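Novice: The lines below spell out each chain.
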Amino acid sequence: MTNHNDNQGYDAVMKRRNEIMKRAVGIDYAAFEFDNIGFDYERMMREVGYTLSEVIAIQRSQGVGNTPMIKLNRLTELARKLSPEGMGAQLFLKDEASNPSGSFKARRAAVAVYQAKKLGYEGVVAATSGNYGAAVASQAAMQGLKCIIVQETYDSKGQGQPEIIEKARKCEAFGAEVVQLTVGPELFYQFLIILEQTGYFNASLYTPYGIAGIESLGAEIADQMMAMTGRYPDAVVCTNAGGGNLTGTARGLQKRGADATKIIGASVDLSGLHMASDRDFNRKSFTTGHTGFGLPFATMPDRSDVPRSAARPLRYMDSYVTVKQGEVFYMTEALAQLEGMERGPAGNVSLAAAFALAMTMPRSATIVVQETEYTGAGKHIQPQLSFARQNGIEIRFGHPDEEVPGNSIILPSHPSQMKARPLELVQLRKRLVENLVFATAKGGKANLSDREIAFLADESRFTKTAVEKIIFG
Amino acid sequence: MTFKKGTWIRIKRVVMQSEERTAQIPEDTRRVPLEMWVKGFAEQDGHLGDTICVRTLTGRVERGEVVEIEPVYGHDFGQFIPEILTIGITLRKILDGGEHCDES
Numbered sequence: 058m059t060n061h062n063d064n065q066g067y068d069a070v071m072k073r074r075n076e077i078m079k080r081a082v083g084i085d086y087a088a089f090e091f092d093n094i095g096f097d098y099e100r101m102m103r104e105v106g107y108t109l110s111e112v113i114a115i116q117r118s119q120g121v122g123n124t125p126m127i128k129l130n131r132l133t134e135l136a137r138k139l140s141p142e143g144m145g146a147q148l149f150l151k152d153e154a155s156n157p158s159g160s161f162k163a164r165r166a167a168v169a170v171y172q173a174k175k176l177g178y179e180g181v182v183a184a185t186s187g188n189y190g191a192a193v194a195s196q197a198a199m200q201g202l203k204c205i206i207v208q209e210t211y212d213s214k215g216q217g218q219p220e221i222i223e224k225a226r227k228c229e230a231f232g233a234e235v236v237q238l239t240v241g242p243e244l245f246y247q248f249l250i251i252l253e254q255t256g257y258f259n260a261s262l263y264t265p266y267g268i269a270g271i272e273s274l275g276a277e278i279a280d281q282m283m284a285m286t287g288r289y290p291d292a293v294v295c296t297n298a299g300g301g302n303l304t305g306t307a308r309g310l311q312k313r314g315a316d317a318t319k320i321i322g323a324s325v326d327l328s329g330l331h332m333a334s335d336r337d338f339n340r341k342s343f344t345t346g347h348t349g350f351g352l353p354f355a356t357m358p359d360r361s362d363v364p365r366s367a368a369r370p371l372r373y374m375d376s377y378v379t380v381k382q383g384e385v386f387y388m389t390e391a392l393a394q395l396e397g398m399e400r401g402p403a404g405n406v407s408l409a410a411a412f413a414l415a416m417t418m419p420r421s422a423t424i425v426v427q428e429t430e431y432t433g434a435g436k437h438i439q440p441q442l443s444f445a446r447q448n449g450i451e452i453r454f455g456h457p458d459e460e461v462p463g464n465s466i467i468l469p470s471h472p473s474q475m476k477a478r479p480l481e482l483v484q485l486r487k488r489l490v491e492n493l494v495f496a497t498a499k500g501g502k503a504n505l506s507d508r509e510i511a512f513l514a515d516e517s518r519f520t521k522t523a524v525e526k527i528i529f530g
Numbered sequence: 646m647t648f649k650k651g652t653w654i655r656i657k658r659v660v661m662q663s664e665e666r667t668a669q670i671p672e673d674t675r676r677v678p679l680e681m682w683v684k685g686f687a688e689q690d691g692h693l694g695d696t697i698c699v700r701t702l703t704g705r706v707e708r709g710e711v712v713e714i715e716p717v718y719g720h721d722f723g724q725f726i727p728e729i730l731t732i733g734i735t736l737r738k739i740l741d742g743g744e745h746c747d748e749s
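The listed protein sequences correspond, in order, to chains A and B.
Each residue of the first sequence is one higher than the one before, starting from 58 at the first, in the working numbering.
Each residue of the second sequence is one higher than the one before, starting from 646 at the first, in the working numbering.
Simulated from the structure, these hints should not be mistaken for laboratory data.
Remember, it's a predicted structure, so these values are computed and weren't measured experimentally.
All C-beta atoms, glycine included, are put in the ideal place defined by N, C-alpha and C.
Honestly, I wouldn't trust all of these hints.
Said to hold, decoys possible - Quick list of in silico lysine-lysine cross-link-like pairs, DSS-like style, CA-CA up to 25 Å: (1) B:K738 - A:K128; (2) B:K738 - A:K138; (3) A:K128 - A:K138.
Stated by the list, open to error - Listed next, with one range per pair, are the computed distances between beta-carbon atoms: (4) B:G651 - A:M285: 52 to 58 Å; (5) B:D690 - A:L176: 46 to 52 Å; (6) A:Q447 - B:P716: 17 to 23 Å; (7) A:M285 - B:M646: 55 to 61 Å; (8) B:F722 - A:A496: 42 to 48 Å.
Stated by the list, open to error - Quick partial rundown of chain B residues pointing at chain A, CB under 8 Å, derived from the structure: (9) P671; (10) R705; (11) I739.
Just chain A, with the same shape it has in the complex (with noise of 0.2 Å):
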């Protein structure tokens, strides 16, 4: 399968990406798309991707998912004593830790390789600096093929966060290559040029069979909560970033018939930061999990590798929730002293969101943390405050509304300071919109169809007319 074009300048690569990403995931998009910008997101993912129990099936093959609900019975006493009368909702925790490569993303690695095999692929590529690189890794180790992982790693001086250093060692433990690159977008094409090279499968994320892997934890969640406490979880709360492990949880509670529980994004509040910048890449102490990814990949989803994303979180979302770095790693600490289990910060995003939340909720109520990640050296709240400290950003108690993201960390002087800090989810949505018309209409907003308004409010939950209305004012 392996091809080679002597021509890798960054124009010609770019000129081939289609035709190199139809060869690499096996997907070809243009068949779920119609008229200007439509575009059949359901029969995608029904017909490219598996089913549910097809999906629960792969993954019990490879020692995937059924993780354990954790009742945080502490944390949520914690949450009492700091709420007004009758306040404080029970706490439970999905401990996805426990999967083979130590995160959820073990969930989505393990239905994209599987289909790689299936397709004859003889290895998989992915492009990500976070968990999902050790997740492919590995379960390209159980599967038997060969892996190459693509990370954003340092910055101009070769320094690199602590936490995506130790992901790269993880990857290579699991017998993956890693190729690790300085900041910038570019990434993408030293990716399509070893997805050439090799004429190796596209693990990306944002594939059906990326965010299909991720409906039973969505499943789990709802079966798991039901024999605990007789019904389903009033919310669950999901850490946001590129928009996958919402929108694979949401549609998994729903094919349980979940359909009352609030879905609740949550992200690090990284704002003022470029992502793309080689100055602010060491200056923010998240690499996932944040605003910097979660507000454009939802409201821009096919920006991804892929040329239509399967995650289209805001088709899901009921409210998108902002902390800040300082109560995650609050959080974090609380966790480990509290509850004793040691879990890496990232996942601990929407448990900081969650514990906030539950302080607003009746105690009669339930919020499920939907996922953990493994901790150790690097990727552990005391290295990740260190570097910081040594890139000299302030680390203090205060108030965490004083935190200015890249100048200071504030840890809450109190837990009670603990808030989760409600987007404009409708500003979003409206964004949503705005961008599939006048990014991509070519044929300009007066040409849509009455089926691409219907794929519009779809997309955005809006109604039809008001997708009208914010097309044609």
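For this one, chain A is given, so just place chain B on it according to the hints.
Specialist: Frame of chain A; chain B shown alone:
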């Protein structure tokens, strides 16, 4: 420092010079080249700083400057952060020591 053919080494290569970088990136990123690091088995004997080819774990051949021989993982648990130590003490005091919400 020298190494023999077949030694596990780390190489570095400039993928794009700063003037070749795409226009839609911040100014500070555009001023610097896009660099890449790969590990593999040396295809020949050499010295640190030489430009040579390596064969990676998947069998690809990459060429670049040798920056590390038998590379190690240097990441650890970082420097002591005294603030972390106090979080558990505070929380246990609130939970088990009788502090109430009106103290916040």
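Novice: Determine for every hint whether it applies to the structure shown.
Specialist: Hint by hint, here is what the structure shows:
The suggested pairing of B:K738 with A:K128 holds, with an alpha-carbon distance near 21 Å, which does not exceed 25 Å. Among the hinted pairs, B:K738 with A:K138 is consistent with the structure: their alpha-carbon atoms are about 12 Å apart, no more than 25 Å. About 17 Å separates the Cα atoms of A:K128 and A:K138, which keeps this hinted pair within 25 Å; it holds. Checking the proposed 52 to 58 Å range against B:G651 and A:M285 shows it holds: the Cβ atoms sit about 56 Å from each other.
A hinted range of 46 to 52 Å for the beta carbons of B:D690 and A:L176 is inconsistent with their spacing of about 41 Å. Against the hinted window of 17 to 23 Å, the Cβ-Cβ separation of A:Q447 and B:P716 comes to about 22 Å, which satisfies the hint. At about 59 Å, the beta-carbon gap between A:M285 and B:M646 stays in the expected band of 55 to 61 Å. For B:F722 and A:A496, the Cβ-Cβ distance of about 44 Å falls inside the hinted range of 42 to 48 Å, so the restraint holds.
Using the Cβ-Cβ criterion of 8 Å, the hint placing B:P671 at the interface with chain A is satisfied: the shortest such distance is roughly 4 Å. Evaluation of the B:R705 hint against chain A yields a held restraint, the C-beta minimum of about 7 Å falling below 8 Å. With a cut of 8 Å, the hint placing B:I739 at the interface with chain A holds, because the nearest CB-to-CB distance is about 7 Å.
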